[in-house]
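Listed in order, the protein sequences are those of chains A and B. Residue numbers for the first sequence follow the working numbering, beginning at -4 and rising by one. Residue numbers for the second sequence follow the working numbering, beginning at 744 and rising by one.
To be clear, the hints were calculated from the coordinates, so they are not data collected in a lab. Treat the numbers as computed from the prediction; the structure is a model and nothing was measured. Don't take each hint at face value.
Claimed, not checked - If you want a taste of the chain A side facing chain B, the calculated C-beta under 7 Å gives, among others:
#1 Asp32
#2 Val65
#3 Trp81
#4 Tyr85
#5 Trp89
#6 Ser91
#7 Phe93
#8 Glu95
#9 Leu96
#10 Val100
#11 Arg105
#12 Lys106
Positions of the beta carbon are idealized from the N, C-alpha and C atoms, including for glycine.
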Amino acid sequence: MVQYARARLDASFAALSDATRRGVLEQLGRSEASITDLADKFHMTLTGMKKHVGVLEQAGLVTTEKVGRVRTCKLGTRRLEEVTAWIESYRQLWDSRFDELDEVVKELKRKEKVDGRKKRE
Amino acid sequence: MDARRGSEATPMKNRTTVERTSERELVVTRTFDGPARIVFEAWTKPELFKQWWAPKSMGMFLRSCEMDVRTGGSYRLVFGHDASNPDEFFGRYIEVIPHSRLVWTNDEGGESGPVTTVTFEEKDGKTLLVMRELYPSKEALDAAGTGAADAMSETFEQLDELLAGLGASVGRS
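Extracted from the complex, chain A is given alone in its bound form:
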């Protein structure tokens, strides 16, 4: 079970390591699209886009459905949430730390001014 969860996470991270694929996910977050639409939007060949979508599909981040001659792609959200969950909690920790660091920086800047140690920039 743990192994399975980890393997899924691995596949998702590999899929997310590419800027185009992250862009495709963002795009699909707004609306579903055909592979042709996506290829146009990202200035790629149909074959190139098919590959990217394939990787995303394997990771479970995207699902596709062929109706007639058009293959429509949409987000498979559940797993995206799984991946972003720990990255997001990590980001939140740093964000809270940095909010406090802002205060420290502000205070140090204020002290420098008060001390009249205003050097050239």
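Given the coordinates of chain A, work out where chain B should sit on it, guided by the hints.
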């Protein structure tokens, strides 16, 4: 020099971004409204470091903080409200370049700990901070992430229990 727009009182909050840039590396970036020497100071003086490293909003408590910030120097951070059950983090500084770069090891996890590199880049009085955590292997980073995810689901389970308990007691009264 002070050609600022009138309202200094409404600064925009700077964004913190996190990205997994490779199988072994996580990168955190953030801009600070101050020169690099000040931001660097806040990372290297224990009395300043203590003020922000354990944010109250995250329920963290930094019990003690020793840092000998020079190449080869060591650091040790002790977290936890309970003195008998402390959570320790320690390692060594392997590179210290004032106002621009800090590199340290994270040795509490043995061989699987990452090496942390922080760079401070000043531009127009602001500092772009980039923190990289490079793990020895993909597995080590995945394990850190999975550990975090597990800890998180544990927290949610505890919350569920708490809520269930509250519901039950409300029902009873």
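Supplied contact hint for A:Glu95, tested at 7 Å Cβ to chain B: Holds - the Cβ of A:Glu95 comes within 7 Å of chain B, reaching about 4 Å at its closest.
Taking the closest Cβ pair, is A:Trp89 under 7 Å from chain B? Holds - the Cβ of A:Trp89 comes within 7 Å of chain B, reaching about 5 Å at its closest.
May I ask you to test the interface hint for A:Asp32 with respect to chain B, counting a Cβ-Cβ separation under 7 Å as satisfied? Not OK, violated: A:Asp32 not within 7 Å of chain B, min 26 Å.
Min Cβ distance, A:Arg105 to chain B: is it shorter than 7 Å? Violated - the Cβ of A:Arg105 stays beyond 7 Å from chain B, reaching only about 10 Å at its closest.
Does A:Phe93 pass the interface check with chain B, least Cβ-Cβ distance below 7 Å? At about 5 Å, which falls below the 7 Å cut-off, the nearest Cβ of chain B leaves the hint on A:Phe93 intact, so it holds.
Holds or violated: the hint that A:Ser91 contacts chain B, with Cβ atoms closer than 7 Å. 4 Å, holds
A closest beta-carbon separation below 7 Å is what the hint needs, so does A:Lys106 meet it against chain B? 10 Å, violated
If you take the shortest Cβ to Cβ gap from A:Leu96 to chain B, is it below 7 Å? It holds, given that the least Cβ distance between A:Leu96 and chain B is near 4 Å, below 7 Å.
The hint names A:Trp81 as touching chain B; please verify it with the least Cβ-Cβ distance against 7 Å. Holds, about 4 Å.
Hinted contact A:Tyr85 with chain B - closest CB pair below 7 Å: Holds: closest Cβ of chain B sits about 6 Å from A:Tyr85, inside 7 Å.
A:Val65 was flagged as interface toward chain B. Is the shortest Cβ-Cβ separation under 7 Å? With a minimum Cβ separation of about 33 Å from chain B (threshold 7 Å), the hint on A:Val65 is violated.
Would the stated hint for A:Val100 survive a check requiring a Cβ distance to chain B of less than 7 Å? 4 Å, holds
The structure fails hints 1, 2, 11, 12 (numbered hints given earlier, in ascending order).
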